[in-house]
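So the protein sequences, as listed, match chains A and B.
First residue of the first sequence? That's 257 in this note's numbering, and the numbers climb one at a time after it.
First residue of the second sequence? That's 65 in this note's numbering, and the numbers climb one at a time after it.
Simulated pairs of lysine to any residue, SDA-like, Cα-Cα distance not exceeding 25 Å:
hint, chain 1, residue 1, chain 2, residue 2
1, A, K673, B, N130
2, B, K350, B, V230
3, B, K206, A, E657
4, A, K646, B, S194
5, B, K66, B, V216
6, B, K278, B, S243
It is worth saying that the hints were derived from the structure and are not from the lab.
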Amino acid sequence: MANPLETMVKYLPGFKDILVVVPSTETAGGAFAGQLAEIMSNNYSCKAIINEKFSSSLLNAHDLSALDINSDAFIEFLSPILKILGEYNDEKKNCILIILESLNAITYEKITTSCSNDRNQNEISAILVNGETFSDNSKKTVDLHSANISFDNNAFELNILHAIPNNLATERSFQDYFGDIPTELNQISTLDGYGSCKSFKLYFNDDRAHNHPTDDFASLIVEKCKNLLDSLNGNISPAFTVNSYVLHKSKRRAKNNHKTNPQTYQAKITISTQTSTQEEFEKELIYQETIVENANTVIELGLQQNLQNFISERFKSNHFEANTQTKLLNLVYSVENYGTSDNFDFRGAAHEYEYFDSMIDSLQKKDEAFYAYGSIMLGKILNSFKKTLKHQQSRLKTQTEKRKIQEEFDALLFKKKISSETKRYRMRIAEIPLVERWFFLGINRLIQLQPLVRNIKTTDPIGTLLGSSAYKFTLENSLNEDFGFIFKKYLNATTLSPIRDSISDAPLEKLTNAFPKTIPKEIQKKIINGVKSGVSFKGIVNTLIAKNNIQSPEGMTYTEPDLAPSWNLFDETCLKLQGIMEDILLNKVIPDYPPFITGAALLSLISLADDLKEFWKHNWEEFEL
Amino acid sequence: MKIYQSSLNIKTFELIAQHCPHVKINLLRSFSLGDKETIDILRDFSPFIETAGLDSGVYSKFYNENVNHTLDDYSRFLEKHADMFKFYFNYDEDFEEKSRDAFGNRNDKNLKILEDRGFKPVPVIHLLNSDIVNFHIEQVKKYPFVAMGSSVLNDSNFDKVVEDLVLAGISVHAFKIGSADRLKRLPICSSDCSSHAQWTKAGRCVAFDNDTQKDRPLSFRYWDKNGIQNDNFYLNHKLFKKFLIFVEEVCHCEIEWLVVDSNYRTFINSMYFVWLEKYLNEWHEKGVELKYPMDNYTGNDIDRMIDDMLNETIPPEDNPTSKQPVQDS
Numbered sequence: 257m258a259n260p261l262e263t264m265v266k267y268l269p270g271f272k273d274i275l276v277v278v279p280s281t282e283t284a285g286g287a288f289a290g291q292l293a294e295i296m297s298n299n300y301s302c303k304a305i306i307n308e309k310f311s312s313s314l315l316n317a318h319d320l321s322a323l324d325i326n327s328d329a330f331i332e333f334l335s336p337i338l339k340i341l342g343e344y345n346d347e348k349k350n351c352i353l354i355i356l357e358s359l360n361a362i363t364y365e366k367i368t369t370s371c372s373n374d375r376n377q378n379e380i381s382a383i384l385v386n387g388e389t390f391s392d393n394s395k396k397t398v399d400l401h402s403a404n405i406s407f408d409n410n411a412f413e414l415n416i417l418h419a420i421p422n423n424l425a426t427e428r429s430f431q432d433y434f435g436d437i438p439t440e441l442n443q444i445s446t447l448d449g450y451g452s453c454k455s456f457k458l459y460f461n462d463d464r465a466h467n468h469p470t471d472d473f474a475s476l477i478v479e480k481c482k483n484l485l486d487s488l489n490g491n492i493s494p495a496f497t498v499n500s501y502v503l504h505k506s507k508r509r510a511k512n513n514h515k516t517n518p519q520t521y522q523a524k525i526t527i528s529t530q531t532s533t534q535e536e537f538e539k540e541l542i543y544q545e546t547i548v549e550n551a552n553t554v555i556e557l558g559l560q561q562n563l564q565n566f567i568s569e570r571f572k573s574n575h576f577e578a579n580t581q582t583k584l585l586n587l588v589y590s591v592e593n594y595g596t597s598d599n600f601d602f603r604g605a606a607h608e609y610e611y612f613d614s615m616i617d618s619l620q621k622k623d624e625a626f627y628a629y630g631s632i633m634l635g636k637i638l639n640s641f642k643k644t645l646k647h648q649q650s651r652l653k654t655q656t657e658k659r660k661i662q663e664e665f666d667a668l669l670f671k672k673k674i675s676s677e678t679k680r681y682r683m684r685i686a687e688i689p690l691v692e693r694w695f696f697l698g699i700n701r702l703i704q705l706q707p708l709v710r711n712i713k714t715t716d717p718i719g720t721l722l723g724s725s726a727y728k729f730t731l732e733n734s735l736n737e738d739f740g741f742i743f744k745k746y747l748n749a750t751t752l753s754p755i756r757d758s759i760s761d762a763p764l765e766k767l768t769n770a771f772p773k774t775i776p777k778e779i780q781k782k783i784i785n786g787v788k789s790g791v792s793f794k795g796i797v798n799t800l801i802a803k804n805n806i807q808s809p810e811g812m813t814y815t816e817p818d819l820a821p822s823w824n825l826f827d828e829t830c831l832k833l834q835g836i837m838e839d840i841l842l843n844k845v846i847p848d849y850p851p852f853i854t855g856a857a858l859l860s861l862i863s864l865a866d867d868l869k870e871f872w873k874h875n876w877e878e879f880e881l
Numbered sequence: 065m066k067i068y069q070s071s072l073n074i075k076t077f078e079l080i081a082q083h084c085p086h087v088k089i090n091l092l093r094s095f096s097l098g099d100k101e102t103i104d105i106l107r108d109f110s111p112f113i114e115t116a117g118l119d120s121g122v123y124s125k126f127y128n129e130n131v132n133h134t135l136d137d138y139s140r141f142l143e144k145h146a147d148m149f150k151f152y153f154n155y156d157e158d159f160e161e162k163s164r165d166a167f168g169n170r171n172d173k174n175l176k177i178l179e180d181r182g183f184k185p186v187p188v189i190h191l192l193n194s195d196i197v198n199f200h201i202e203q204v205k206k207y208p209f210v211a212m213g214s215s216v217l218n219d220s221n222f223d224k225v226v227e228d229l230v231l232a233g234i235s236v237h238a239f240k241i242g243s244a245d246r247l248k249r250l251p252i253c254s255s256d257c258s259s260h261a262q263w264t265k266a267g268r269c270v271a272f273d274n275d276t277q278k279d280r281p282l283s284f285r286y287w288d289k290n291g292i293q294n295d296n297f298y299l300n301h302k303l304f305k306k307f308l309i310f311v312e313e314v315c316h317c318e319i320e321w322l323v324v325d326s327n328y329r330t331f332i333n334s335m336y337f338v339w340l341e342k343y344l345n346e347w348h349e350k351g352v353e354l355k356y357p358m359d360n361y362t363g364n365d366i367d368r369m370i371d372d373m374l375n376e377t378i379p380p381e382d383n384p385t386s387k388q389p390v391q392d393s
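So here's chain A without its partners, still in its complex pose (with noise of 0.2 Å):
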């Protein structure tokens, strides 16, 4: 049987030149690794770099990022790649085969792809390998993506995680490049789906960086690129200015790249994270830490690693294809990157949505968590199929011709009636950054949570209100009702923190019953200075809804009177007298008629409300002001 690794050789497409770069060939990756730079090197004008000095140890991301980033061993490990890459940014445009071990590959990736989109000197294409994580134990959790491939004794294994061309721009199909798959890469059926691609790129992934977040060792990467860059100024080649404005430029692209892939968000959210200060930086690592902390108080560990595995059973359990799920976060990773570019092949990409689409929606009632984690994938690519359309429009001169290419989205995507409140709910539960973190709610309490997480502005938002606001979630409540309601009232309760002390449950939960969203920001001015002027919470949120006659659910039992009812026409006038009072006040209207009359007016009204108050001191049991 032929070497599978010989066997892919053969049919990865004609890279001319091809950089090898391998961190180690002591450990699974790097010998992976080294093994295709062998093979390459036989087949192609290949340059190999073999970074010896980087020894398998090391190659452990904790490892790694233990490290200081100004050490002597980091500035050995980068220069090499960086001097190499500016060499070959200088002298040659051709394609660039980078083999890293996948931890920092997803970093040099995203160096790389910059660099070929902004100068336009290189295309250049990435083979990101990680061998070491395939132990025996790991294949226990590995399976995350089904596209495995088995190599000698089991040593380790490959799950490929995208085949997204790329650096192919022309017409043919995956399959003009690589024939019929052959037997040693059945197993490969990832690429299968992408016939119409125009280009791609190999990830050679597993799911570690999924169950491990790699964010600080990316950052350490790029940072350390940065600081490289920075220490040859004065001194900088042609190729390192590319590489140099790369960095910058990726890192104010990361700004508005939070929506991605899940598989990689970890390394997208690592290059945002780009700082200028070593302070800054240490900032958002703990930022980050914070995040993690809040999903963990959110749900426990246990019930965390099962979760890890949810997805993929389900894909299986509903006896869907094997590379399902690889192949849906292809689609995704695909539109939201290149859905914008000149070649990008919508109308098959539309094609998969679809089938996607009737996928996940034969889903909707069996299971809510699936159906969520589907749904939030389906926004997603319609959100990038959104800007698709909106960049193709913005091409376009007239209204008719922009209506066209609309009506022919549509027809593509939606050829199954898709309501438009499904379209609308996919839509923005997939603008909520990391919200595929929080699949395992269910659909509608992220439907519900969508709304109250709009205006928080963090990196994770459901899991900084759930976090913050000490939810739990179990399975057991999991079928609560009650679940928007509980954190509604907990954002209430901290839009009226300055009077924490004063609010009590019941007046609280009945304010947030009042209102559909949050409570509006003049209710909550009125709240907190009434508080502060010594009225009781509880009265002035009783006397709030009623003034703003605000309809309180049924069902709900209260000790206090209510205070609006029609029959009661005493305290309905005293209402509108307040509304007239608080209005003059808040207008400082100052009336131009002599005021001998609302002066008088007003003494009566005085007068007679401290005879009755008196007079029901005296005469009403508990009544008192």
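Given chain A's structure and the hints, the job is docking chain B onto it.
Okay, now just chain B, sitting in the frame of chain A:
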């Protein structure tokens, strides 16, 4: 310009046939499931109908949960009866355009579905966004006639958009405008209103005030629903004398009939809009000021009376400067 009257029932047509058989109504019927009345009216009262249009009935559907017809129901009705109508509107069921997003909206899809089935519905504009307006301006050949939905009537850009569409060569129908004042200002080719029925429901008729050039209600109830005296009670109304002439001489009815029978009030209101339509056309074409029936009129033909009124000079009592309030009669 035509004012299409909606909400007219068979009884109204019977009264038209009885009292003003020379009148021809521009009729707008709303599609409704199982509604025989539309077909009956078109079949039995065709001599009294100038033109008929069909509304999709989605306004009722939007505000009444018991109305539950669908695009397919509408389509099936059109298959059978489209020929009876001069035009029919799109099934624009998304009244507030909530479904509108980057990929389109439900109303446009419905339009396309109907077009694909061979119909030619009149598109209805529910938003005055420039892209929508410009699309229609570009598509003047395909859609020479468009309607402005009632949801945009109060938009501050409404008049401007109507003007732009008209200048582009598009004939514009405005939904639910019956106000003389507003119709005078708009260069539309048609509007529709059910004001006659609404006035009737509230126990009122409508008359035209020459002084203000606006329509005014006359109430036939002394008290309103809150127990407060109606300040537009017909006997105390300053337009009562003119209204009386209109009722007796133009519409050949007795005022007492209106007091006791709401069908007569609907009929009188319907005649008012016939009058208003004719006057508006005169005003638009010749710039002739609108004038409500004069109290010295003795004719018995509405057209002749209108012609007379158009040629009439304003008598002293109609002169705003010498106006005296009409005392309780």
